[in-house]
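The task is simple: from the sequences and hints, build the whole structure.
Here the sequence shown stands for residues 1134 to 1290, numbered as in the numbering used here.
Honestly, I wouldn't trust all of these hints.
[What the hints assert, rightly or not] Okay, derived cross-link-like pairs now, EDC-like style, lysine to aspartate or glutamate, Cα gap no bigger than 20 Å in a straight line:
no., residue 1, residue 2
1, K1144, E1217
2, K1279, E1245
3, K1196, E1217
4, K1232, E1220
5, K1144, E1208
6, K1149, D1189
7, K1279, E1239
8, K1228, E1239
9, K1232, E1249
10, K1196, E1156
11, K1144, D1201
12, K1196, E1210
13, K1144, E1182
14, K1279, D1256
15, K1149, E1162
16, K1221, E1210
17, K1228, E1210
18, K1149, E1159
19, K1149, E1182
20, K1149, D1201
21, K1144, E1210
22, K1149, D1191
23, K1196, E1239
24, K1144, D1191
25, K1196, E1245
26, K1149, E1193
27, K1196, D1166
[To be verified] Label-pair distances were calculated between CB atoms; the ranges are:
no., residue 1, residue 2, range
28, E1182, E1145, 36 to 46 Å
29, E1182, Y1223, 48 to 58 Å
30, E1239, T1200, 40 to 50 Å
31, F1231, P1170, 17 to 27 Å
32, E1239, E1210, 35 to 45 Å
33, A1142, F1231, 21 to 31 Å
34, I1165, V1204, 22 to 32 Å
35, K1214, G1153, 20 to 30 Å
36, A1229, K1149, 31 to 41 Å
37, N1141, E1243, 55 to 65 Å
Hints are computed from structural coordinates only; laboratory data are not their basis.
Keep in mind it's a predicted model, so treat the numbers as computed, not measured.
Just so it is clear, CB atoms sit at the ideal spot from N, CA and C, and this is done for glycine as well.
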Amino acid sequence: MMNQEQLNAIKERVAKATLGPWESEETAEGHIDIFNPNEDYAVCQTGNETYDCLNDGDTEFIKHAITDVPVLVAEVERLQKRLEQTEKCYEIMEKATFKASEMLKETKNENERLRETLCFYGDLSKYVIIAHMNKETDLAVDLGEKARQALGGVAHE
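This is the structure we're talking about:
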């Protein structure tokens, strides 16, 4: 992983170099001229095993390009891989959130259904007929007490 110091050094070299774009051309003598096509001078010229740049920043930029470019490419690839992993995690979380939302809706619906059932059985008026029958059943004995307790002591009457 590229650290901030490395990135700052590359940015400094870029800032000190002649603005691009740069092009190159072989001269009749077999030398290479590197130039900005929008300017009327060469950024650098190579000769018999020598090169000469008008700007020291261009020399440093060219000298470090062979190490800077691979480091930058590796960093871009690392970040692309990280982005891909993040996108996969996002997709998984999005699906999980949707599923959880659907489950929550189902749970709320089930809770409402159970609440209605408990309210029905917690309503004392439903037990009037049972009391008149003089039969001792679980319902007659309980008279909806368990349902009212499940509702927190509240029943819809």
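Numbered hints the structure breaks, given as an ascending list:
1, 3, 7, 9, 12, 13, 15, 17, 18, 19, 23, 25, 28, 30, 31, 33, 36
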